Amino acid sequence: MKAGGLLWLSLAAACTPPDSLVPPGSLVIAFEAAPTTLDPRYSTDEKSSLIAELLYHGLTRLDEHGEPVMDLAASVQILDRTRYVFRLRPDFSFHDGSPVTAADVKATYESVLDPKTASPKRESLTVIERIDTPDERTVTFTLREPFTPFLDSTGLGILPATELGKNTRNVTVGCGPFRLARFRPGRDIVLAAAHGHPEGPSHLPGLVFKIIPDDTVRALELHRGELGLVQNAIDPDMIPWLRNQADLEVLSVPGTTFHYLGLNLSDRHLGRKQVRQAIALAIDRDAIIRHLLKGYGTPATGLLSPEHWAYATDVTSYPYDPARARELLDEAGFADPDGPGPLPRFRLLYKGSMLQVRRRFAEVLQEQLARVGVALDIRTYEWGTLYSDIRRGNFQLYALAWVGVSDPDIYYSLFHSKMKPPRGNNRGGYVDTEIDRLTEIGRRTADRAQRRDAYTAIQRRLATTLPVVPLWWAPTVVVKTRRLHSFFPQSNGTLRSLKDAWLDPH
Amino acid sequence: MRALLSNRAALMIPRLLGIVTLVFLFIHFIPGDPVDMMLGETAQPADKEALRRALGLDRPLLEQYARYVGGLMRGDLGHSLSFQSPVSQLVTSRYPATLELALGAVFIALLAAVPLGVLAAARPGTLIDRASVMFALLGVSIPNFALGPLLIIAFSISLAWFPVSGRGGLAHLVLPALTLGLSMAGILTRMTRASLIETLREDYVRTAHAKGLPAYRVLLTHALPNALTPILTILGLQFGTLLAGAIVTETIFAWPGIGQLTVNAIAARDYPLAQGCILAIGVGYIVVNSATDLLYTLIDPRVRSEGRND
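As given, the protein sequences belong to chains F and A, one line each in that order. Be aware that the first sequence starts at 0, since it is given in numbering that gives the first Met the number 0, and climbs by one per residue. Be aware that the second sequence starts at 0, since it is given in numbering that gives the first Met the number 0, and climbs by one per residue.
Bound conformation, chain A alone (with noise of 0.2 Å):
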């Protein structure tokens, strides 16, 4: 486990320079002009230009991503040219928000589907089994933007239960979550049953049957464990893009998470700013998929022993 943990930490420094260099050419090359967009259209082109040095964007490309990188490096992210103020404390003021949408969507979403996933893969062609395929096709189907507006005037319109909008407490989460969580549940239901469906016609399970076992029993802690692999690969790669941000959730319901801030930051092309939160998403995703990884090997002995072999 030592040598994966450090194995998956060593694969992380490559993967986030890489994501720093990408980031940083994306911003530069894109049209727009910061300098522009600070001082407006009517200043004299000295002060563009004094200012253009005092922020260092008149020195080669070259330089300017050294110095970023060796800014990284002492984990200063530099100071956002729109809002006047650091990064890093624009980044970790909206980062908390982010998080807490995303783990809220990841649990409405195990919290609907793998119940649901596991009674239709137990009774394959019934009511619950429809009902289930149903339930996976609406929430893939109904896109964010029309989710939204239709909780809102059902739960905070009509039954005035929860608020239409903003952060905080737990009564602000449920409503984005749950708009978030549906489609991922919808996912999520459609894969927990296929996996369960295939892992139930192993020859261990058909074994574990002739012993005896109880059909519940066989189901949750022979062949349930088994199917999770897939379905924790496609929870590890949902969680990980809402860590980048659910733009059109976050709009809807007024959510001051990560992604409405790296948008305006693009728009004032606000170049410190936009490079920080696109950091900040990376490494959210690389985290969430390392963390992914490690579990395959807590839940699976196989990819454990294949580990070692490493």
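Isolated chain F, as found in the complex (with noise of 0.2 Å):
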């Protein structure tokens, strides 16, 4: 065997030429999808926003609690509530060599809100009236009228206005601690420590990101030693025995990935206030959570998980309760025709996608919801289809996930009432003035204290008629290799710890 191995290391060794692009010494991590594009001005998906936080800085950045806190700048001033003026620190570059100023913010902005660059990001900075910059390291922004979750916005990667003036859709020179080496979409990307960041280079020489899809590869490529680092995509079930691998540890910290069941109000069933809170209590959290994701999540209670500083605890829960469930159909006016009979009181259709874990959560759905007498039909589709029949409001029950919920001026996209698609992500149909009126002060109210008290009535009135019903909230999940040292895990998923995060040697 030992002869057998020699020769296929040699003839590897003979075939694959020395990968000069990958700077020795680098930290290998796995994604299960490939980010699309890197430039910060399109890049919306999970893994883009990532890779975009170690190659680019933007004017602030969001800490573990969500809240925007300085980053490229090094102050704001907020005047008379629609004027932002930010001073910008002296010390950053970019990776071409050219101090980052004000011009550079101005121009990033600009393109991002010019409508022919078709930025994915521009509604969310509509509410910009005007850029100004009195000088190379102060940027003002003026908006049109008053809009606290304005800071939530400004984390925007900042780019070179020389490069943006190529007019080019793939700028990928930043000033964050890494700097883009090789991006081939699809099969990796790799990331070289810039020289001359101001917080000190990064102690590692680079990172891999490797695009591998099954989840099965990815956990043996852990085991074989050629990944160091894989966050939030190892299958439960591989857990328990990557936990043993003695090269390995598994950390876990809460997460903010809020995991829900959405319902179409307009729907006869999902209609009524009782379905939905029969539903919700039909649902065993504990059992899913404790045997479909191994005690990787926490039952929720909404949207803003624990470590959000809105977060409300004292909103109503529904514990399973398949009795109260039944009792409340039976009140709807849904009797179950054949008591515990095969023959159900109603039938409704799920509708997800093609994930292993949706699938498998939809059989035990539908294996609970059996138990208070509604009949599941499930049907999976793949992503482009589900999308489209969820927002043309063609289901009436579906599971997706909400990921990387900051500022909860999200509650206005999701549930006010002019929120319903096309305009907004009200994909269940929701009509509620009170909610309509809350959610309009949590975005206009710049006291804190106000915001917070908005946001909790907000958050009990949503438990109370459940226009979507919460399952859990996903902690961050990470294997890594125990060579790899002072990398934490973050609950919003940010990687930013690698900056400062460094390998032994083999």
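These are computed hints drawn from the structure, not numbers from a lab. Just so you know, these numbers come straight off a predicted model, no measurement behind them. Among these hints, one or two may not hold up.
As the list claims (entries may be wrong) - For lysine-lysine, the following DSBU-like pairs were computed, each having C-alpha atoms within a straight-line distance of at most 35 Å:
| hint | chain 1 | residue 1 | chain 2 | residue 2 |
| --- | --- | --- | --- | --- |
| 1 | F | LYS419 | F | LYS105 |
| 2 | F | LYS209 | F | LYS105 |
| 3 | F | LYS165 | F | LYS105 |
| 4 | F | LYS209 | F | LYS46 |
| 5 | F | LYS46 | A | LYS47 |
| 6 | A | LYS47 | F | LYS105 |
| 7 | F | LYS165 | A | LYS47 |
| 8 | A | LYS47 | F | LYS115 |
| 9 | F | LYS293 | F | LYS46 |
| 10 | F | LYS105 | F | LYS417 |
| 11 | F | LYS417 | A | LYS47 |
| 12 | F | LYS272 | F | LYS417 |
| 13 | F | LYS115 | F | LYS419 |
| 14 | F | LYS419 | A | LYS47 |
| 15 | F | LYS46 | F | LYS105 |
| 16 | F | LYS115 | F | LYS209 |
| 17 | F | LYS209 | A | LYS47 |
| 18 | F | LYS272 | F | LYS419 |
| 19 | F | LYS165 | F | LYS209 |
| 20 | F | LYS272 | F | LYS293 |
With the hints as a guide, dock the two chains, each given alone in a separate frame, to form the complex.
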């Protein structure tokens, strides 16, 4: 076997040229899906955003509680609630060596605001009326009207004005702790430590993000030592096995990703509050988390997780109670025609993606709803078709997750009556004047205590009216080599701490 | 031969036009809106309309089709909506990987199937024949999603001979090519055996034996070339299918081929990229099948004479 191994290793060595673009000693990280673009004006998917945080700096960034803190900006002054004056740090340079100036900030934001750019980030910035640069270090944003969540939108990665002038759709020159060395779409992304970063050079010489779509293969690559880090992309069934590997460790912190059951409120059954509450009571979240997620989840009470500054503790929750669920369904007028017999009270159609965990969840949901007399038909679709159906309101039930929840103004987009598709994300068609009023207060009030009060009231009301059924908050789960030190998983999944992480030599 | 070549080349044009038309219609009729995918759910309807206009998606379907075909005539496959890159660049960056994997799989399949099929045909009913039947049965019945991980566990994890995934040198190619090649080898082994046994019953083979030629010579130089035609047909079809991207194998081995790119493009409703990928696959399929037709003429004189009669 040894002779055979040596033969093949020599073959491999002879046929695989050394990769000159990968800095020796780089940390290899696996992604299950490929980022589509690394230009921060276009990147919206989770993977692109994770890499963007390492390549670019924005004026602000979000901390682990979802609050904006200064990043490229040294300070911000808010004048009469519509003018935001950012003072830039003087010590940042782009990877091409040019200093980061107010002109670059202005050019980046104006590029996103230009409809010709067709940036998906334009909508969140259309509140900007004017951008002024009184000097090289000062940028003033003038808003059309007071908009408290504005700071949340100032995390946009800043690009050099000279690069933006070239009118390409792939600008990747940033000022972050790493620079882009190679991007092979669908295959890998290589980052190299950037010289001259004001917070000191990264200890890791480089990062290689490999795209490995298969769950089992990612786990096997970890086992073999080919990968140094995988975050939120390991099948829960694999984690106990990986935990037993001497060279690996599993870390987990509570996360902000909110899994929920979406409901079409124009449906004759789901439009009834008692039915929605009955569904919430019929779901045994603890069992799902214990068996399906192997303990990696926390029963959710709403969109905001306990880590969030605006999280409300005293909201109605729905512990597993099938008896109460049956009572509520009876009260709603949907009596069980044959008691414990096979005939259901009514049938619902669940639409879901083809992801394995979603398919398993659908089967469990089917079983649990059957216990209270609700029959569930399951249909799985590829993502484009599912998304299109949800956008068009062509569904009864679906399960999805909200990733990266930061400012609670997201409630406006999700539940304000004006935000039904195609304008917003109120996919279930929820209409509630009280929620409309509260979400409007939340986005206009600058006072933190008043905002918290508004969002507490919103959370309480939504927990009673249940336009969506909360399922669980997913934690950030990391499997990493023990050779990697000073990497700290964050609830929002950011990989920023890789800047200060380091690897033991082999 | 020249007439045959021009005939095949002329036939390619309507076939390609058919593919282009079908792909265009198929992509545009499946549910989903590329503008929604690009701008997100919260974009203003006015911005969506502006982008739809900029991309020409507001124009009548016939006009969009004419523009697309016009672009193709100029060699312009368009610009990917999700990758923000030219489609031709994305397709050409992935196609070599698909071709490499397909060629590797065909090489492994031929290496295993032809000798095994010949031996089985030469000694029907013997142990080697039964072994070939077992091999063929296993090859066609183990699905790639099971065989791939099994090969990884055996050769990458236990023996550490090959890398687990990715594309690099020859060592990276072995396991994915073996995964695809073994199932193809199963079919080809059966086909080689059956075709050769039938040929061995022909009168001219009996005559060759009667002339006192050694058995191996009769088998390899008289019978085998004539038995190759049906094998070549299956090989051409299988190779063409592999050029469409072996999505399961590509996913298991993180092989950056055209199959994964096509699936991602369709999921993102990236019309230009999906059309570009399927067109490239179609061209590959047609070229391989035309090449197979030409190979018939080289190995079988009867086909050559039929071509002349045409």
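Structure-based check of all given hints:
{"no.": "1", "hint": "LYS419(F) x LYS105(F)", "in the structure": "holds (32 Å)"}
{"no.": "2", "hint": "LYS209(F) x LYS105(F)", "in the structure": "holds (34 Å)"}
{"no.": "3", "hint": "LYS165(F) x LYS105(F)", "in the structure": "holds (16 Å)"}
{"no.": "4", "hint": "LYS209(F) x LYS46(F)", "in the structure": "holds (11 Å)"}
{"no.": "5", "hint": "LYS46(F) x LYS47(A)", "in the structure": "holds (24 Å)"}
{"no.": "6", "hint": "LYS47(A) x LYS105(F)", "in the structure": "holds (24 Å)"}
{"no.": "7", "hint": "LYS165(F) x LYS47(A)", "in the structure": "holds (24 Å)"}
{"no.": "8", "hint": "LYS47(A) x LYS115(F)", "in the structure": "holds (11 Å)"}
{"no.": "9", "hint": "LYS293(F) x LYS46(F)", "in the structure": "holds (24 Å)"}
{"no.": "10", "hint": "LYS105(F) x LYS417(F)", "in the structure": "holds (31 Å)"}
{"no.": "11", "hint": "LYS417(F) x LYS47(A)", "in the structure": "holds (17 Å)"}
{"no.": "12", "hint": "LYS272(F) x LYS417(F)", "in the structure": "holds (21 Å)"}
{"no.": "13", "hint": "LYS115(F) x LYS419(F)", "in the structure": "holds (26 Å)"}
{"no.": "14", "hint": "LYS419(F) x LYS47(A)", "in the structure": "holds (15 Å)"}
{"no.": "15", "hint": "LYS46(F) x LYS105(F)", "in the structure": "holds (26 Å)"}
{"no.": "16", "hint": "LYS115(F) x LYS209(F)", "in the structure": "holds (33 Å)"}
{"no.": "17", "hint": "LYS209(F) x LYS47(A)", "in the structure": "holds (34 Å)"}
{"no.": "18", "hint": "LYS272(F) x LYS419(F)", "in the structure": "holds (19 Å)"}
{"no.": "19", "hint": "LYS165(F) x LYS209(F)", "in the structure": "holds (30 Å)"}
{"no.": "20", "hint": "LYS272(F) x LYS293(F)", "in the structure": "holds (32 Å)"}
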